[in-house]
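Visitor: So you can see what is in the structure, the chains are spelled out below.
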Amino acid sequence: MAPRPVIHAVDDDRCFREALERTLRTTGHCVQGYSCASAFLEALDPSVPGCLITDLRMPDMNGLELQRTLREREIRLAIVFISGHGDTTQAIAALKSGAIDFLEKPFGEQALLRSVARALEKDSADRRLAGERALVMQRFSNLTRREQQIFALIVSDLPNKEIARQLRISPRTVEHHRERAMLKMQAQSFSELITMSVLCGIREIHLALPQQSPGS
Amino acid sequence: MPQQPFNRRHPAAQSGPVAEPSANFDYVNLFEYAPVGYMLLNDIGRIAKINRTGASLLGWDPSWLEGKPFSRWVANSDKQLFAEHQRRLAACDDDVTQELRVKNRQGRIATVQLTSVRAVAGPDGARCYRSIMVDVSGEQRSAREISRLRSQLTHATRLNTAGELASRLAHELNQPLGTVVLNCEGALRILNERGGDDTELTEVLQQARAAAAFASEVVHHLRGFLSNGGELRTVCDLSELIQHVATLIRADARDDDVELQLDVPRDLPDVHVDCVQIEQVLLNLAHNSIEAMREREGGLKRVVISARQRGGDRITVSVADTGPGLDANQFKRMFSPFYTTKRDGMGLGLTISRSIIEAHGGELRAVPEARHGATLQFTLPAFAMGAA
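Line by line, the protein sequences give chains A and B.
According to the numbering used here, the residues represented by the first sequence are 42 to 257, in order.
According to the numbering used here, the residues represented by the second sequence are 2 to 389, in order.
For the record, the hints were derived by calculation from the structure and aren't laboratory data.
There's no promise every hint is true.
Stated by the list, open to error - Label pairs and their in silico Cβ distance ranges:
{"id": "1", "chain 1": "A", "residue 1": "ILE116", "chain 2": "B", "residue 2": "LEU192", "range": "33 to 41 Å"}
{"id": "2", "chain 1": "A", "residue 1": "ILE116", "chain 2": "B", "residue 2": "GLU173", "range": "26 to 34 Å"}
{"id": "3", "chain 1": "B", "residue 1": "ASP253", "chain 2": "A", "residue 2": "ILE116", "range": "45 to 53 Å"}
Treat the numbers as computed from the prediction; the structure is a model and nothing was measured.
Built from N, CA and C at the ideal position, the CB exists for glycine as well.
Can you build the whole structure from these sequences, using the hints too?
Guide: Quick look at the structure:
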C-alpha cells in the first residue's frame, strides 16, 4: 500500500501555520509544518506522495524561488500558494509556472480543502503516470534494437508489408518481431501498445479537438 | 528682482536722469532702456515723462503717453488701489510701493510693482512724483506654478506613502485575520462534528469569523482606495449587504439590550456601490442609534433597519430607534463636522457618511418629526442595466 500523502505547510507566521496544520490535521490529513523554505527542502522525501502549501513571502526564499528550486531538483510536488495580500503579478507568475492554486489570506476552510484535494489528486496522477512511464521505459529497454525499430513503426500505423519493405526483411520476420515486442512489453492489445508508445515518448498524440460551439 | 533703493534725499535721485535726460547721451540710453520702467507723474497723475521700458509695458510710444493720465492703464478693479497710492504719496515723504494690475494696449493684464516718491519737478516748484514700474507678472506666475507643483508633490507623496503603508498594513493584518478565519471555521466544524448543539457558541464563532472577514475587506479596500485613489464599486444586493451589517452589530445590540429588527424585502433592486463604504455608513447609523439609547432606563429599546424601493429607480434605507430623538439644535447641526453629543466622539461619522452617500448619487438626512426617537434615512439609486 502506498504511504499516506503528506501535506507540507511552509509559512513563517507561527500562528497562521498552526491554524493551517490544525485545519488539515482535523480533517484527516497528514501535515508537516515548516517555518522556512530551507527547513522544508532539508526534510523533504520526494518519494513520499503529497503536496506543498507555501506562503509567497518568506524570509529566506520566496515562494517562486522555492518552486524553481524544486523544479531544478526534478521534484514534481503540486504547489498551492498563499499570500498575505493579493500581489497579482506574483500570483500570475506562480500559476503560469504550474501552481495548482493561489489563495489570498484570509481564506476559509472550504477553499483550502478544495485546493489541497486538487493538489493531492494532481500529485497522485503525476506519480501514477511517472510509475507507469518508468515501467514502460524499463520494458522498452529490454527489447532488441530490431524489436524497438519495429515497435516504433507499427505504432505509426504502417502495415506489416510496408515495414518489411522499409527494413528489407520479410513480412513473416516482421510478424515475428511484432509478437516478441508485444510479449516483452506485456501489452494485452494493440491499443495498449499505442498507449505505451505515448508514455515512453515514441509516439506523440495529436488530438483533433472538436470546435467549440459558440455560447457553450 | 531686488527692490531698487529709491529715495529722493539721495543725491543721484535728486539730480537724476529725469531732470536732465539730454545732458549726456549715455544717460539718456541708460534712462530709456533701463530694465525697469521710469515715470514722472504730475500732481494730478498725468504722465509727464516715461522711459521706453515703461511705455512698452503699457504697449505705447513714450511720446504718445505723455500728458495722459496713468490711471487709464490701471485695471478697473485696481483703480481704487492706485488712488490710495497717490493719497499716501501726497501725505508722506517716503517712497510708497503698491502692486497694481495694468492693462496694456493689446488688453493684456500685467502685474507691476509701482514704487513712487514725491519730488519737486522744476523751477516752478510744481509737485510731481517719480515712479519705478517693475513687471512682476512672471514672478507671480512662477510663484503660482511653484506652489501648484508643491501641492501636487505633497499630495503625490502623501498618497504614495499612504498607499505603501496600506499595502504593508494589508499584509501584516491579513496574517492574523487569516488565522482568525481558519481557527473560527475549524472550531465551528469541530463543534459540529462533536454533535454539540451550542447555538450560543456557534453564533460567537460565526460573528468572529464575519468580523475578521469584514476587517480584511476594509484593509483590502483601504489599500485599493489609497493606491488607486478611487473606490471599488460593484453591483451588489442591498438586502444581503444589510443582512451582513446586521450580523456585525447584533452582538453590540444584545450587549446593550437593544432589539435589532430588519424590515428588508428580498426583492430589492441591485445597487452599484462601494459595498464597504455603504456598510460603513449603515454601521455608523446603527451604532449611533444603539448609543443614543444607552442612557435609557427601561422602556422599549429597538433599532429598526428598513429598506424600500421608491419609484422605479431609488431605494430608501432607514435606521430608526426608540431613543430620546433629536432636539432642534441637534437636528440642525448633526451633519456639521466635529459636532458630537458623545463624550469620546470625533463628530465625523455623519459627515463622512453623508459625503459617501452623496458620492453615490444619494442623500442622507434625518427624518423630521419622527414619532419616537430618531430616524435617519438615505437613498441610493437602483442599478439599471447598461447605465453603469
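Visitor: List, from low to high, the hint numbers that the structure doesn't satisfy.
Guide: Violated: none.
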